[in-house]
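**Student:** Sequence:
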Amino acid sequence: MAPVKSEVEPITEAQAIFEAQEDDQDELHPTKHNQGQLRSALAFLEYWAWEAAGIFVSAALIISIVTVLRKYNGRQQPSWKYISLNSLVAWLSTLSKACLLFAVSNGLGQMKWVWFSRQSRTLSDLDTFDLASRGLSGSVALLWLVKGRHLAAIGSLAMIFSIGFDPFVQNLVHYVPHYREDPSQVSLLASTRGYNTVGPLLGGDTFYVDPILKANVYSALFNLDPTLPWSKPQHTCPTGNCTWDAMASLEIGASCSNITSQLKSTCFESKDASSDFGVPYPNCTLSLKSGVTLWYLPDGGAAQPIVVRTVLASSNTVHQSSIFPVIQYIFAAGSNQNPTEGGGISTEIGNNTLFIATECVLQPLVQSFKASVNMGVYQEERLEKWTAINRTLDGDYALTLKPDLQENFAMNGTQIFGIGWEAMRAIESFVTDLFNGYVVAGSDHFSFERSGDGVGTYAATDTLEAIFYKNLTNSNCPENDQLTCAIKNVASAMSKTIRDGAFTGNVSYEPLSSSQFTRGTTAGRTMVTITYVAIHWRWLVLPVAVWLLGALSCLCSAWSTHRVHIQTWMSSSLPLAIRPIRSSPNFRGKGYDDVEIDASGRKQTETGVQSYRDLVFYNKSLKDYSQRATRMNVKLEAIGKHDNFC
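Residue numbering for the sequence shown follows my numbering, starting at 1088 and increasing by one per position.
What the hints contain is simulated information worked out from the structure, not anything from laboratory work.
Just to be clear, a hint being listed does not mean it is correct.
Stated by the list, open to error - Here are the computed distance ranges between Cβ atoms for each label pair:
hint: 1; residue 1: P1254; residue 2: T1314; range: 35 to 45 Å
hint: 2; residue 1: D1292; residue 2: G1539; range: 20 to 30 Å
hint: 3; residue 1: G1539; residue 2: K1489; range: 54 to 64 Å
hint: 4; residue 1: N1558; residue 2: G1431; range: 17 to 27 Å
hint: 5; residue 1: G1327; residue 2: S1352; range: 17 to 27 Å
hint: 6; residue 1: M1719; residue 2: V1631; range: 40 to 50 Å
hint: 7; residue 1: K1319; residue 2: P1264; range: 18 to 28 Å
hint: 8; residue 1: D1386; residue 2: N1477; range: 35 to 45 Å
What the hints assert, rightly or not - The calculated SDA-like cross-link candidates involving lysine to any residue, where the alpha carbons are at most 20 Å apart (straight line), are:
hint: 9; residue 1: K1557; residue 2: D1312
hint: 10; residue 1: K1472; residue 2: H1406
hint: 11; residue 1: K1351; residue 2: V1398
hint: 12; residue 1: K1557; residue 2: A1546
hint: 13; residue 1: K1234; residue 2: Q1502
hint: 14; residue 1: K1319; residue 2: T1353
hint: 15; residue 1: K1457; residue 2: N1439
hint: 16; residue 1: K1457; residue 2: D1332
hint: 17; residue 1: K1319; residue 2: M1462
hint: 18; residue 1: K1301; residue 2: K1319
hint: 19; residue 1: K1319; residue 2: E1471
hint: 20; residue 1: K1376; residue 2: G1340
hint: 21; residue 1: K1158; residue 2: Y1134
hint: 22; residue 1: K1472; residue 2: N1439
hint: 23; residue 1: K1351; residue 2: R1208
hint: 24; residue 1: K1158; residue 2: I1503
hint: 25; residue 1: K1158; residue 2: V1620
hint: 26; residue 1: K1158; residue 2: T1544
hint: 27; residue 1: K1319; residue 2: Y1305
hint: 28; residue 1: K1376; residue 2: D1332
hint: 29; residue 1: K1351; residue 2: K1319
hint: 30; residue 1: K1301; residue 2: W1626
hint: 31; residue 1: K1301; residue 2: K1489
hint: 32; residue 1: K1158; residue 2: P1264
hint: 33; residue 1: K1376; residue 2: S1348
hint: 34; residue 1: K1168; residue 2: S1204
hint: 35; residue 1: K1457; residue 2: H1322
hint: 36; residue 1: K1234; residue 2: G1251
hint: 37; residue 1: K1557; residue 2: L1311
hint: 38; residue 1: K1489; residue 2: M1462
hint: 39; residue 1: K1234; residue 2: L1213
hint: 40; residue 1: K1376; residue 2: T1330
By construction, the Cβ of each residue, glycine as well, lies at the ideal position given by its N, Cα and C atoms.
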């Protein structure tokens, strides 16, 4: 079919006759007029039924999301068989958004006809409205077109903000871990009241020290692992999250004092057969009241950079009532900075060198604590400690402690804690032999030497090397003193060994008398991680706002359609394809351009009134256009660049 030039005539006499006839009919038949209005209202509601359904279904789905999330907020994450909570929320959100945008899209399509019904508009506005009903870019363009001063802007805002609808809904759901006790799983932690574990028999009534204690002490001196594995007591926690009530256990503590002020310096001229030509040379000595001494040559020829000795507690020591031997050392500060310097250290020691003296003791005590394991990491909260020691001369205890434990401890009342005779003598011998040596540095000589005669039983020279060269002050020790940090590490290792007796007591030899010493494990609470749902309701603001904008957009579109008395054509293009349209910027019949749109093909023999009724573009419903398009044997074909009209 060839294109037909289409024009719309200005208002004619036929139009006036038609309108007058309709007014007369309304006056003569008011009942029919009311019935017609009712039919029009019902038809109007029918045209907007799907859009209204979309709005209400979208609201129902949002309410469903809120209902489900309120039910599970603060509860354990549901374990459904075929779907998860997140998936359910995502499905409901997607359906809600789809229903809402269906209504908003049609509402914007109808706003297009409202836009053109008020006055003549440019043809390009059709494309802007059409794109706005489809997505973000078109909605932004429509906002720019109407400058935000038209009801169509509400629908555009709904389309724009709908981009965040799904992400905001899904961000409502968060998951947080909660811990709950699981009685079916057992967690254990050792607490020891008595210790008398020793190694093999050395001779007479003397035993070697417990090999496990020795291994832990060596690890504390030589292993600088920041996790301090030699200080963590053994425990069982199958889930990695456990707690124990307050308890008390026998432990070993450390106490150190700076005794630099007690150093006494003496320098004298020394001469012996080994000196050159018998020429005397200066020799300086630093000494403590206990008899511990260190010497050096002021000219740098030789020196003792460090001396470590054990002495008995007496009036010459700070710790005058210590059970175990007192450990003292004198140290030339800064002499251990370069392990590769060797004998050259002596050249840096002279009268201007700062010398430090420290005294430390190991002391039995009872420590109360609350232990826990969090994410596999063991930690303790230290509560109280008791250090009052009673020396006994009978029974199996060499010493006892009797703290009055409160009821909030795992073991309450007056309990006896103590160390047996065999273990006491073994530890005394171990400490005396271990901390006993000195360093000699000369021009061509450097060595770690053990004090006294014989080779010794334990690793005295290795211990001296650790105290001298190991960076002990960085192994979680706040003290800036090598001996202090070393003794604190040793005390922690001994405490671990004593407490681990409940797990390892059957490994080492124990005298028969030790059977009465109490070693036990305390059961704790094993916590399992449960995932709980936490709803952050603030993320619901945007979805609700989008729904309100969408509902208001459709309501405004329907109200505007009714107000200007036009048909509900939504986004359909049939009215443009079947009927001619105005291409002029006004309705006054001035300056019409020819538009190549196929006309309806109706016969032109009808009366003027009938012709006007057919040509008034808002007089036919979308249903009428659909029926007419079905009856018309007309095909639409896109014409290519090189096709001809024929």
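**Student:** The structure should be examined with respect to each hint, and the outcome stated for every one.
**Tutor:** Consistency of the hints with the structure:
P1254 and T1314 have their C-beta atoms about 42 Å apart, which keeps the hinted 35 to 45 Å range intact. Between D1292 and G1539 the Cβ separation comes to about 22 Å, which falls inside the hinted range of 20 to 30 Å. Separation of G1539 from K1489 is about 37 Å and departs from the stated range, judged on CB atoms against 54 to 64 Å. In this structure the hint that N1558 and G1431 lie 17 to 27 Å apart at CB holds, the actual value being about 20 Å.
At about 56 Å, the beta-carbon gap between G1327 and S1352 misses the expected band of 17 to 27 Å. At about 46 Å, the CB distance of M1719 to V1631 agrees with the hint of 40 to 50 Å. Under the hint 18 to 28 Å, the C-beta atoms of K1319 and P1264, about 24 Å apart, fit the expected range. The hint said 35 to 45 Å for the Cβ distance between D1386 and N1477, and at roughly 54 Å that hint is violated.
The straight-line distance between the Cα atoms of K1557 and D1312 is roughly 12 Å, inside the 20 Å bound, and the hint therefore holds. About 18 Å separates the Cα atoms of K1472 and H1406, which keeps this hinted pair within 20 Å; it holds. Between K1351 and V1398 the CA atoms are separated by roughly 18 Å; this keeps the pair inside 20 Å, and the hint holds. Of the pairs offered as hints, the one joining K1557 and A1546 holds, with about 15 Å between alpha carbons and a cut-off of 20 Å not exceeded.
Between K1234 and Q1502 the CA atoms are separated by roughly 86 Å; this puts the pair beyond 20 Å, and the hint is violated. For the given pair, K1319 sits about 45 Å from T1353 by alpha-carbon distance, which is inconsistent with the 20 Å threshold. With a C-alpha separation of about 49 Å, the suggested pairing of K1457 with N1439 is violated against the 20 Å cut-off. For the hint linking K1457 to D1332, the alpha-carbon distance of about 6 Å falls within 20 Å, and the restraint holds.
For the proposed pair K1319 and M1462, the alpha carbon gap of about 15 Å is at most 20 Å, so the pair holds. Restraint check for K1301 and K1319: the C-alpha separation of about 16 Å stays at or below 20 Å, so the hint holds. Annotation: proposed proximity of K1319 to E1471 holds, straight-line Cα distance about 19 Å (limit 20 Å). The hinted pair formed by K1376 and G1340 fails the criterion: a straight-line CA distance of about 25 Å is larger than 20 Å.
Of the pairs offered as hints, the one joining K1158 and Y1134 is violated, with about 38 Å between alpha carbons and a cut-off of 20 Å exceeded. Restraint check for K1472 and N1439: not satisfied, since their Cα atoms lie roughly 42 Å apart, outside the 20 Å limit. The straight-line distance between the Cα atoms of K1351 and R1208 is roughly 108 Å, outside the 20 Å bound, and the hint therefore fails. Only pairs whose Cα atoms come within 20 Å are accepted, and K1158 paired with I1503 is rejected, the gap being roughly 54 Å.
Under the criterion of a C-alpha separation no larger than 20 Å, the hint pairing K1158 with V1620 is consistent with the structure, at around 10 Å. For the proposed pair K1158 and T1544, the alpha carbon gap of about 71 Å is over 20 Å, so the pair is violated. A C-alpha spacing of about 15 Å is found between K1319 and Y1305, which places the hinted pair at or below 20 Å, so the restraint holds. Note on K1376 and D1332: the hinted pairing is violated, with a Cα-Cα distance of about 46 Å set against a maximum of 20 Å.
Proximity of K1351 to K1319 is assessed by CA-CA distance (about 41 Å); at most 20 Å being required, the pair is judged violated. Pair hint K1301 plus W1626 does not hold up; C-alpha atoms about 61 Å apart against a cutoff of 20 Å. Between K1301 and K1489 the CA atoms are separated by roughly 27 Å; this puts the pair beyond 20 Å, and the hint is violated. Under the criterion of a C-alpha separation no larger than 20 Å, the hint pairing K1158 with P1264 is consistent with the structure, at around 18 Å.
Of the supplied pair hints, the one linking K1376 and S1348 holds, its CA atoms being roughly 11 Å apart against a limit of 20 Å. Between the alpha carbons of K1168 and S1204 the distance comes to roughly 55 Å, so the proposed pair goes past 20 Å and is violated. Straight-line distance between C-alpha atoms of K1457 and H1322 comes to about 13 Å, which keeps the hinted pair within the 20 Å bound. Proximity of K1234 to G1251 is assessed by CA-CA distance (about 23 Å); at most 20 Å being required, the pair is judged violated.
This hinted pair checks out: K1557 and L1311 have alpha carbons roughly 8 Å apart, not beyond 20 Å. Proposed proximity of K1489 and M1462 is contradicted: the alpha carbons are some 35 Å apart, above 20 Å. In summary, the hint linking K1234 to L1213 is supported, as the alpha carbons are separated by about 16 Å, within the 20 Å threshold. Of the supplied pair hints, the one linking K1376 and T1330 is violated, its CA atoms being roughly 49 Å apart against a limit of 20 Å.
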